[in-house]
Amino acid sequence: MTTDPRARFPRSARVRLRVEYTRVFEGGRRLGDSLIGLHWLPGDGEPRLGLAVSRKVDPRAVGRNRIKRALRDCMRHHRAGMAGGDYVVVARPAAARATGEQIRQSFLRLLRKAGALPGPAGGGTMPAPPPSAPPSNN
Numbered sequence: 001m002t003t004d005p006r007a008r009f010p011r012s013a014r015v016r017l018r019v020e021y022t023r024v025f026e027g028g029r030r031l032g033d034s035l036i037g038l039h040w041l042p043g044d045g046e047p048r049l050g051l052a053v054s055r056k057v058d059p060r061a062v063g064r065n066r067i068k069r070a071l072r073d074c075m076r077h078h079r080a081g082m083a084g085g086d087y088v089v090v091a092r093p094a095a096a097r098a099t100g101e102q103i104r105q106s107f108l109r110l111l112r113k114a115g116a117l118p119g120p121a122g123g124g125t126m127p128a129p130p131p132s133a134p135p136s137n138n
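Here UniProt numbering is used: the first residue of the sequence shown is 1, the next is one more, and so on.
Bear in mind the hints are in silico, worked out from the structure with no lab data behind them.
All figures in this text were calculated on a predicted structure; none of them were measured in a lab.
Be aware that one or more of the hints could be misleading.
Stated by the list, open to error - Ranges of calculated distance between the beta carbons of each label pair, as one might list FRET restraints:
#, residue 1, residue 2, range
1, Gly45, Arg97, 18 to 26 Å
2, Pro118, Val19, 29 to 37 Å
3, Gly115, Pro59, 30 to 38 Å
4, Pro118, Asp33, 14 to 22 Å
5, Ala61, Pro118, 30 to 38 Å
Positions of the beta carbon are idealized from the N, C-alpha and C atoms, including for glycine.
With these hints in hand, go ahead and build the complete structure from the sequences.
Below is the structure:
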């Protein structure tokens with residue numbers, strides 16, 4: 001268990017009630033890929049995560065828990081930089097065959113696409129500006 005307070009995942013950071021899930025599913029926006037679907041409802045509060053991993057995804061509890069663990073871990077480490085609101089992740093059957101890293105990358109990609117996380121800093125395509133000339137003393 002981690003002792004770093006920034007890396008905790010408290011109850012206040014979770015979508016827990018059926019009415020909260022319903023609100024996100026009915027009023028939120030959606031994105032998805034082959035591994036997971038992301039439903040999110042922007043809000044002013046702290047970002048909160050809800051997970052839906054059914055037996056259709058993996059009939060074994062250990063498999064479903066592995067998927068949830070990967071998603072919670074990703075959320076725990078990126079929550080500070082996320083936009084406020086409720087995020088519900090629905091796992092798809094392909095997630096049962098994916099590695100934890102593939103699940104995390106899929107989640108981060110969807111969060112960036114949704115605008116909940118800033119994009120990665122790239123090298124850019126613009127050339128570096130020319131060095132400025134020293135001032136002349138004329």
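Hints and how they fare:
{"no.": "1", "hint": "Gly45 - Arg97: 18 to 26 Å", "verdict": "violated (35 Å)"}
{"no.": "2", "hint": "Pro118 - Val19: 29 to 37 Å", "verdict": "holds (31 Å)"}
{"no.": "3", "hint": "Gly115 - Pro59: 30 to 38 Å", "verdict": "holds (35 Å)"}
{"no.": "4", "hint": "Pro118 - Asp33: 14 to 22 Å", "verdict": "holds (20 Å)"}
{"no.": "5", "hint": "Ala61 - Pro118: 30 to 38 Å", "verdict": "holds (35 Å)"}
In summary, the one numbered hint that this structure violates is 1.
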